[in-house]
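Visitor: In case you want the letters, here they are:
8 protein chains.
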Amino acid sequence: MAESTDPDGTPVAELDLDRARRRGYPEAVLCAGKTPEQVGVIATTLREHGARTLFTRASAEHARAVLAVLPDAFHAPDCGLLAWPPEPPEPAGGRVLVVAAGTSDHPVAREALLTARHLGRSADLIVDVGIAGLHRVLGRLDDLRAARVIVVVAGMDGALPAVVAGLVAAPVVAVPTSTGYGAAFGGVAALLTMLNSCAPGVAVVNIDNGYGAGHLAAQIAAPS
Amino acid sequence: MAESTDPDGTPVAELDLDRARRRGYPEAVLCAGKTPEQVGVIATTLREHGARTLFTRASAEHARAVLAVLPDAFHAPDCGLLAWPPEPPEPAGGRVLVVAAGTSDHPVAREALLTARHLGRSADLIVDVGIAGLHRVLGRLDDLRAARVIVVVAGMDGALPAVVAGLVAAPVVAVPTSTGYGAAFGGVAALLTMLNSCAPGVAVVNIDNGYGAGHLAAQIAAPS
Amino acid sequence: MAESTDPDGTPVAELDLDRARRRGYPEAVLCAGKTPEQVGVIATTLREHGARTLFTRASAEHARAVLAVLPDAFHAPDCGLLAWPPEPPEPAGGRVLVVAAGTSDHPVAREALLTARHLGRSADLIVDVGIAGLHRVLGRLDDLRAARVIVVVAGMDGALPAVVAGLVAAPVVAVPTSTGYGAAFGGVAALLTMLNSCAPGVAVVNIDNGYGAGHLAAQIAAPS
Amino acid sequence: MAESTDPDGTPVAELDLDRARRRGYPEAVLCAGKTPEQVGVIATTLREHGARTLFTRASAEHARAVLAVLPDAFHAPDCGLLAWPPEPPEPAGGRVLVVAAGTSDHPVAREALLTARHLGRSADLIVDVGIAGLHRVLGRLDDLRAARVIVVVAGMDGALPAVVAGLVAAPVVAVPTSTGYGAAFGGVAALLTMLNSCAPGVAVVNIDNGYGAGHLAAQIAAPS
Amino acid sequence: MAESTDPDGTPVAELDLDRARRRGYPEAVLCAGKTPEQVGVIATTLREHGARTLFTRASAEHARAVLAVLPDAFHAPDCGLLAWPPEPPEPAGGRVLVVAAGTSDHPVAREALLTARHLGRSADLIVDVGIAGLHRVLGRLDDLRAARVIVVVAGMDGALPAVVAGLVAAPVVAVPTSTGYGAAFGGVAALLTMLNSCAPGVAVVNIDNGYGAGHLAAQIAAPS
Amino acid sequence: MAESTDPDGTPVAELDLDRARRRGYPEAVLCAGKTPEQVGVIATTLREHGARTLFTRASAEHARAVLAVLPDAFHAPDCGLLAWPPEPPEPAGGRVLVVAAGTSDHPVAREALLTARHLGRSADLIVDVGIAGLHRVLGRLDDLRAARVIVVVAGMDGALPAVVAGLVAAPVVAVPTSTGYGAAFGGVAALLTMLNSCAPGVAVVNIDNGYGAGHLAAQIAAPS
Amino acid sequence: MAESTDPDGTPVAELDLDRARRRGYPEAVLCAGKTPEQVGVIATTLREHGARTLFTRASAEHARAVLAVLPDAFHAPDCGLLAWPPEPPEPAGGRVLVVAAGTSDHPVAREALLTARHLGRSADLIVDVGIAGLHRVLGRLDDLRAARVIVVVAGMDGALPAVVAGLVAAPVVAVPTSTGYGAAFGGVAALLTMLNSCAPGVAVVNIDNGYGAGHLAAQIAAPS
Amino acid sequence: MAESTDPDGTPVAELDLDRARRRGYPEAVLCAGKTPEQVGVIATTLREHGARTLFTRASAEHARAVLAVLPDAFHAPDCGLLAWPPEPPEPAGGRVLVVAAGTSDHPVAREALLTARHLGRSADLIVDVGIAGLHRVLGRLDDLRAARVIVVVAGMDGALPAVVAGLVAAPVVAVPTSTGYGAAFGGVAALLTMLNSCAPGVAVVNIDNGYGAGHLAAQIAAPS
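Residue numbers (the numbering used here), protein chains in the order written: chain A, 203 to 426; chain B, 203 to 426; chain C, 203 to 426; chain D, 203 to 426; chain E, 203 to 426; chain F, 203 to 426; chain G, 203 to 426; chain H, 203 to 426.
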């Protein structure tokens, strides 16, 4: 454990640097809910220990605080992710395929994609494969069947993961997104659809949780 | 208006016998929530006025009370529907197609089918066309495209209406069912899926409301 | 299918240009949730293919991005809709009537109206016909009975569609709006009212979904 | 205060016999949730103090326990109400009108009617005045306008109170009922409709709370 | 009926000017959800017909639009209410007492108070009478017992109406407010408390609906 | 740890016999959800280890299974509790007072009372102290102020804990009960009221969780 | 596809016999919601095609209908599962470990265990490893770390999956159960806990969905 | 009681200055929902009576209004708390330990810590002790077991209080926080987890209610 303290000595966080050893995956810092100052303090501690880390849901201000300490960190502003060191490890294990139902689901899909890569998997992204035009899904059957695990990101009716799961042998990690309005209830409709999928083989994570989906996919596709 | 009273003169219901003239469709009596005695009183009033009527959500006891008064009524116990007179009118207007996602959705689909027929439409039923095996949907494309309106009945993830709507020009009447468990929440998950359908052209009715779906389909497919 | 890519080649969307042929209705682009840049890229692809399209829920920034590419597009800022080409097709099929319960429901009603027109129907709008003064509804009975389908837009108690449906033979497309406060729950109260309508013949769409209602009405009123 | 104890001396209830003096209305005993034995003990205490009382939501077993102690009590099994002494007081104050939207709402309407009478008001009941056929409401306009307060009992869409309130000067006490299925959610849909009534002048009570509605109406129509 | 149109002739609203005659109470315009321009158009129509009106939930911009047309209107910015003509009618009927549980409930309480006055009742306000210090309630017993109807405004636990109702013979109009945080759920907790009041005689209106409460109270306290 | 196995060796439960040492309070077995056979196997293991235990939410069948193994166990059928050994330990620490708002809350209050006693506290019970008649609460002020901790059990509006907490220095453990109907939502209304108590000093436990309340009270009143 | 029809030729189900080939896993028949007759018809079709199948959530009556047709089927009445042919395939791929938090979660855990085995994995079960006594979890660390995937079954607070996920490198499939009462809301509390797990690597399935969890685990642990 | 009035004499609040005597703890003013002017008026009244007070959830503007009147007040901007007089009383009673699961929970934890201190207890804070790395909890066992009461503050899965309660004899006050996103539902997920804790001894307060938790802890740890 490493304690981060702010300038006057108040503890900010107890980093779980042991996690990489214990679980085999690096620590991640959820920036949302923390002040940029707190994130900067944490980044400093990490630099001192040289530990591989992801920063997720980072606003522009969070990102500035991280980059001030770790100027060579990788930064994807479209999905609020930073990674340090900037280069992902050499890919190992099975292929991860990330599929986004619509353009609006892109940031969450990108967070999943980049997380899987920085956790050591080879990963690709396909966008705009909604079920309103099934030929778009069916046209990707070869790609879908070549993956060890498929992350499917969808908002609104959230029906894509069930359709995909019915077509392949691999497990599907389903990420509901808050895309939609009215009775989409900020992603709840999509979440419920995924939990009630007619097709077995659908693993659900929290709404908009691209990081969690990428992490889970990396674990599922881990080398034996 | 015709007032039904029970034996001691307490009014039971004011039947809207004018409805057929005003709206063009017969009255329907929702039996659930009424006592068999009340349903029997209503049946007696109807017989006196000779008005075409459906009885919906009738338990075995409700059915006995109706059949005691209208012994030639048509009775479909699998979906709790009775119709009087027993023969549907000569079909007119466009074709209604009813599609059920699973075997458990059968009673609701049957209620929709029979309602549409007794309101004067030609109607057919296809069962077990879930999205977990897309080939089952795609194998029915010709049937789907031949209908003036399609009623799609589905529980659990409720994703079938969106898939169907994306394949056809006709409007889809979507009926969520209470089939499922856990986070299906008695049909709420399917209801939300349908309300958030990516594909436009999906008209949603209440959970398990086969009668309402059949009625709406009959109106949509009405002769000009 | 046509792939839209942003300047560095990342795919933005796979447009379903086949949709007009397959379903008989043009594609629509939901702008909310997309960046203006993404909407601009999509507009460019559409221009290249000459495909009739609607842009819905477009902010001022989205509209600017569309108009930069399609300067002659029709733009209705009050309901965030753009249409290209700007002129709707020659009207065919039955009459669509859009009825708004209150002034606050106007934008959603306008979205339904314009959608129905740009999908090829003749359509009119009546506003402020709430049930708190029934004479306002009853005074419009001739207009209501002349339509092939009626779109009823209402927030707060959402009771107007049931009242209208009880007066006419045509199907009613009910659109709950987020008008209201407190236990209106952003349109949920109106949505539930509509799903539980005592009068059959009410087809419900998502909260504030004027586009979906207009599309559904256009399908219902389609020429045989 | 009067303490009721069961045979071994454990206290069962502290009756608020002072209530009639303090509030001007008699005590009521909600039987649901109590054992028949407890209800019997309470009835005994009441007999000893000679206090006017209502027993509400009494099952057949509860009723037997009350009638064993107070054999001359008035009993209305259709709505689970008992009253003692059996005769209501001489009516005073304004007229209470109870209106039920459908036959299934009858028990709740009866509970309101009888409560108002046993609290000293003159009260009448009209049944089956749903909004699906507006002529049924409009045909009762004179009755509606003659009342000092109107109790409107409705399930499903719960739209009747708003329609009535828009037609009269008197306050409306709205009682949602659990009549309905699916998205009626046991009366929640009707409750929300009533809370969001477009027409002001609607006082809402709990789902199925006929007693509360009758009590409130009696207070509103109390003689000055 | 009077139709308001915006400058290019699009209808904005159909004012229910008949309402004062039909119901005995003036029209009210809910400004929230309308543009200031629409509110200005409505104010102009009203001025032409000389009809007494309230404007509720008016922002500063709404108020400016009303005052530009009706410069002598009464304006209470603390609760967003305007009234025209500015002077309330001569009070008649019983006394209305408005009680607010806390300082944060003040705006809603003021809206109720002013509404009751502009609908022709004599009305007073007591603030900060929460149940955390019962002596504050009990110290006001004489005021409470002197009223024909009591409006009780409370957020958070919403328990005050039940406590007050247990102390008086008059009906209580309970207004839940959105005061509170966390599991107060924007007033839902207080709403449920009030609907489940142990003490009968509690009439509930929508969350933050001071206008509705004042209107209902004016009806209850109306002169016979 | 002690493993309980069923006759064919399948493990049934791993009892946390260490808990008394680690936490200072005995183990409790929640019977609901277990088969009587499983409960019997657990009772046998306990007898072998001689460990003090409570059995909660035991049906008559569960109780029979326990008593077959531990025939001298204390059994309170009114609240489904069994305790072994039957005698509670000698009381120590501060006084626990349990207050029930209504007769229907009695079983939950009894569960709290007996739990506190069998965990070594002196505890008393007061019933039917609802807020609809405040004099019932105020008449008990001396008892309330003499306790080290007060458990308040209430359903419906759940307002009693806030009223009590405003009158005393001691912490209040609030137990919402599922007493009530309609918008009581099985205790949710009371739960929310308690979580939003205006008066600080209210500790909330799960709906109907008399055991948890009694346990928490015993911990709060523990001897220093 | 194989069509099952009931004796009069009405289609009952279209079995997806192609699924084993397409997805690599056998078909499963959810018995809940089907009549025993329908299940019997399906079993007959399966026997004719010789396809490996699971029957889930089978009541005693469902089981009798299956065993009448497939008398050698494996039947586990404790979790309502039947499998045919009775012997699972030779295990391949990684180890599946199923962990149940409490005795009441046993049936769901067993369904997961047996599903994984009948889908070709080696699988074991550990019961009663709740977090109220952490030593029970920590004492199983070696078992936990030896698995390729861990299914964690928990009701009430649903906290066990997060604790386990924090200790291991393998992915965790979390199954919320409906064990609990009050604010457990039939498994919703546990479901939300699992979706919000602090520790990444938690894949959530529907409440009580042991079958889905076992299927997902089998896919994750599939041989490369 | 002391009445605060604003400059024109309108009453702002009735301060419960008697509370310290009656309950033994000072008054607290919840600033959120009040205007800075109202808070300033209240501060003036307090200064006149010299009463110890806390101001909670004070924005920068609220704080300025308080400090203008009470310039020596203690101000902790990180959690929006002010206290006057600035020095807490001499500590008495048992030790309070506040534990925060994550950095984002820090403000709520600080509010609990400072409240406990200003109510006269000795109190300490430990941060970032989440269950994703159990060693962080287990490493603090001595601190945890030394406290008379432990306040545990946690968002997201909210599982920490149950884990802590399983390790100690002292009662745990659990504070859910709104930390998290998606299905965290603003703290509802954590709230439900805590209410359903497997381990007894968990007292739950409202979401983000650090003040309430600190107050309750001070009462629990009060000197006998």
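Hints may contain errors.
[Stated by the list, open to error] Example chain G residues on the side facing chain B (calculated, C-beta under 7 Å, incomplete):
{"#": "1", "residue": "GLY235"}
{"#": "2", "residue": "ARG342"}
{"#": "3", "residue": "ASN408"}
{"#": "4", "residue": "ILE409"}
Quick caveat, the hints were computed from the structure, so don't treat them as lab data. Backbone N, C-alpha and C define an ideal beta-carbon position, used for all residues, glycine too.
Visitor: Look at each hint and say if it fits the structure.
Guide: Outcome of the hint check:
no.	hint	verdict
1	GLY235	3 Å, holds
2	ARG342	27 Å, violated
3	ASN408	4 Å, holds
4	ILE409	3 Å, holds
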